[in-house]
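Start from the sequences and build out the full structure, keeping to the hints where you can.
Here the protein sequences line up with chains A and B, keeping their order.
Position one of the first sequence corresponds to residue 1 (full-length UniProt numbering), numbered consecutively onward.
Position one of the second sequence corresponds to residue 1 (full-length UniProt numbering), numbered consecutively onward.
Hint data in this document are derived by calculation from the structure and do not stem from the laboratory.
For glycine and all other residues, C-beta sits at the position ideal for the given N, C-alpha and C.
A few chain B positions that, by computed beta-carbon distances, are all more than 12 Å from chain A:
1) 2
2) 52
3) 131
4) 194
5) 231
6) 236
Among chain A residues calculated to face chain B with C-beta under 10 Å, some are:
7) 88
8) 113
9) 156
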Amino acid sequence: MVQSPTEDAIVIQDVVKNFRKKTIRGEYTTFKSELVRWLRGQRHASQQGRFIESLRGVNLRIPKGQTVAILGRNGSGKSTLLKLITGIYSPTSGSIQVNGRISALLDLGAGFHPDFSGRENILINGIILGMSRAEVRAKMDAIIAFSELGEFIDEPVRTYSSGMYMRLAFSVATHVDPDILIIDEILAVGDEHFSKKSLAKMTEFKRLGKTIVLVTHDMSTVERWCDQAAWLDGGRIRRVGTPAEIAAEYRQAVSLAEARSTVFTPPALTEGGGALPSLPEGVVVRDEPPASPPVAVSRVWLSGPRGEELGLVTTETRAEVCIDYVARESVEDVEFVLTLSTADGVVLYVTSTRTDRVALPAPLPPQGRLRFVLPRLGLLGGSYVLSVELKTGNNANPEPGREARCTFSVSTEHDDRGVFRPEHSWVVEEAPAAPVQAVSVSKHAAAS
Amino acid sequence: MIRNFRELYSYRGLLLSLVQRELKARYRGSVLGFFWTFLNPTLHMLVYALLFGVFMKNQIPHYAYFMFVGLLPWIWFSTSVSAGASAISDRRDLMTKVRFPAQVLPATVVATNFCNFIFSLPLMVVLGLIFGVVPTWHMVLFPVVVLIQMCFTFAVVYAVSAFNVTFRDLQHIVMNLMTLWFFMTPVLYKLSTIPEEYRRVLQVLNPMSILITSYQAIFYEHRLPDAVPLVSLLGVSIVLLWGATQIFESRREEFAESI
Numbered sequence: 001m002v003q004s005p006t007e008d009a010i011v012i013q014d015v016v017k018n019f020r021k022k023t024i025r026g027e028y029t030t031f032k033s034e035l036v037r038w039l040r041g042q043r044h045a046s047q048q049g050r051f052i053e054s055l056r057g058v059n060l061r062i063p064k065g066q067t068v069a070i071l072g073r074n075g076s077g078k079s080t081l082l083k084l085i086t087g088i089y090s091p092t093s094g095s096i097q098v099n100g101r102i103s104a105l106l107d108l109g110a111g112f113h114p115d116f117s118g119r120e121n122i123l124i125n126g127i128i129l130g131m132s133r134a135e136v137r138a139k140m141d142a143i144i145a146f147s148e149l150g151e152f153i154d155e156p157v158r159t160y161s162s163g164m165y166m167r168l169a170f171s172v173a174t175h176v177d178p179d180i181l182i183i184d185e186i187l188a189v190g191d192e193h194f195s196k197k198s199l200a201k202m203t204e205f206k207r208l209g210k211t212i213v214l215v216t217h218d219m220s221t222v223e224r225w226c227d228q229a230a231w232l233d234g235g236r237i238r239r240v241g242t243p244a245e246i247a248a249e250y251r252q253a254v255s256l257a258e259a260r261s262t263v264f265t266p267p268a269l270t271e272g273g274g275a276l277p278s279l280p281e282g283v284v285v286r287d288e289p290p291a292s293p294p295v296a297v298s299r300v301w302l303s304g305p306r307g308e309e310l311g312l313v314t315t316e317t318r319a320e321v322c323i324d325y326v327a328r329e330s331v332e333d334v335e336f337v338l339t340l341s342t343a344d345g346v347v348l349y350v351t352s353t354r355t356d357r358v359a360l361p362a363p364l365p366p367q368g369r370l371r372f373v374l375p376r377l378g379l380l381g382g383s384y385v386l387s388v389e390l391k392t393g394n395n396a397n398p399e400p401g402r403e404a405r406c407t408f409s410v411s412t413e414h415d416d417r418g419v420f421r422p423e424h425s426w427v428v429e430e431a432p433a434a435p436v437q438a439v440s441v442s443k444h445a446a447a448s
Numbered sequence: 001m002i003r004n005f006r007e008l009y010s011y012r013g014l015l016l017s018l019v020q021r022e023l024k025a026r027y028r029g030s031v032l033g034f035f036w037t038f039l040n041p042t043l044h045m046l047v048y049a050l051l052f053g054v055f056m057k058n059q060i061p062h063y064a065y066f067m068f069v070g071l072l073p074w075i076w077f078s079t080s081v082s083a084g085a086s087a088i089s090d091r092r093d094l095m096t097k098v099r100f101p102a103q104v105l106p107a108t109v110v111a112t113n114f115c116n117f118i119f120s121l122p123l124m125v126v127l128g129l130i131f132g133v134v135p136t137w138h139m140v141l142f143p144v145v146v147l148i149q150m151c152f153t154f155a156v157v158y159a160v161s162a163f164n165v166t167f168r169d170l171q172h173i174v175m176n177l178m179t180l181w182f183f184m185t186p187v188l189y190k191l192s193t194i195p196e197e198y199r200r201v202l203q204v205l206n207p208m209s210i211l212i213t214s215y216q217a218i219f220y221e222h223r224l225p226d227a228v229p230l231v232s233l234l235g236v237s238i239v240l241l242w243g244a245t246q247i248f249e250s251r252r253e254e255f256a257e258s259i
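What follows is the structure, encoded as structure tokens:
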């Protein structure tokens, strides 16, 4: 399936970005050095080696409505790429086409003035970020409410704690209402409560079909949040694929480089880009997920007793995970792998239809639903992620693009800690010996 | 140039907010607050009045008022240029972190100082009334002179702010140049007091002297300013402005990288 250009939010073609080096043999560009060079007739001589090659030909298409992560080691050109997309820099060569209103969260609180109150700074910051005065005024209350600053909003910003400052800045930035949101490493803002709120805001952005471009080093964020990942290495796009795939390969390449004790040099200054070593053959390399896989999980969701979708459940609830799938071709030997993990990526439980010996119809009907029933959820309060992957045939690797996930929260009244709450009760007795004996007796009985 | 100003117009909300903020920020935290807008030029004037009016026994009648007429537009021009030099190079936070229309920054400086100039005009009128000088109908030409000065100031500030991004020495050069320029401009003295042979040179080479003498003609001498130098200055200012915006536009893409 070839996508027409209008379906792409951002099209980057052959973008090269060079920066001029600021120092020449330790000399700063001063009047004297300029004059001396000019007198020597070297004004335009020795251009070679005077440039820092940050991007060496980047091609990337970011489809509308997708959340795309850009990965890469420090100095691989990620931030430069974001600044090019945003329009802060202009490319040395190549073209960047952006369709839609763009808002960049490259740095929070651009143009904040310390002596002004939060309210006054919202106005100026909002306008700097591209809103009109009327728009900012209309959204003022929503921004203040989201920032949770309360009465502090009329205090000068210099009196704020750094967390309050970031919260205010983040609130303004997310209320710009862009078509394309560019985020550079700032999702972790404020305390746990606020970062949950900002993640919820991001989910809302996704739901509204906005395009998000994200730079981060946090692989669990990438795997959880993004539809696609692009790996920028040595000033070029090295791979584009599903987040899980790219993250795994990226980790592998980094550990391979460490194992070979490669010296990590600034990529932009290194001949050839200083890319990480390429992985040995045999690793699945696919540039794009197949356009339409034969079988796909279309939706994973948590169903309530009357078949409604649940986002919030309690520890004691009966829970049903519904897995809707679509089979475009008749496929046999399919395995559904269900993974339950915490919001920060810790895997709690993995099972599959093969492990549990579930008899699936072969071949699969064109569409259907599997239900994974938990009579009692048993999880403690927090956010959790359910993901379902598909495996076909004897291929041990999960196929890219065939994964679906959902997040849900659990609320609990109990004060206990940990991850799950097993069914239990406490028994208080006078003499401690009796129950132990009773157990050992029953064990003997069972053995004999 | 047209494109530049059309863009500037489309960012008027931003410009307005920035000007408002600059005006408020300047005296925020001080006890007298906004009164400093009036107090600053007054104190400035008193120093010169003491020096030239009392100690050096200047012969110009109503000397304090005469000087104030020239001093106010001069302050508008000189503070615009010296603050404008670093208008872009000091705002790394805006230039490198958000997509920001660079031409708004020097425009903000000119506009902010223009507001200060306008706010201190009543002060000038009051000072004139104290000396018994009543404004006459010649004032109708005042906006024209202001417009020409605006053109000229914009041209200088655009050029200076654009060059200062890559050549930081400029802001120091400009600071010192402004002192020289001040004494080369007939603010503290009458143009007629300098020898004939220098007078023409000063008039041709120093656009500010044309502007300042025009203000003095309107408010102090109560006559129409000389048309020929003023009209030719308007032409020169427009050409300069065109050149400056051209320079500014061509360098604009480098700003974010060079800061």
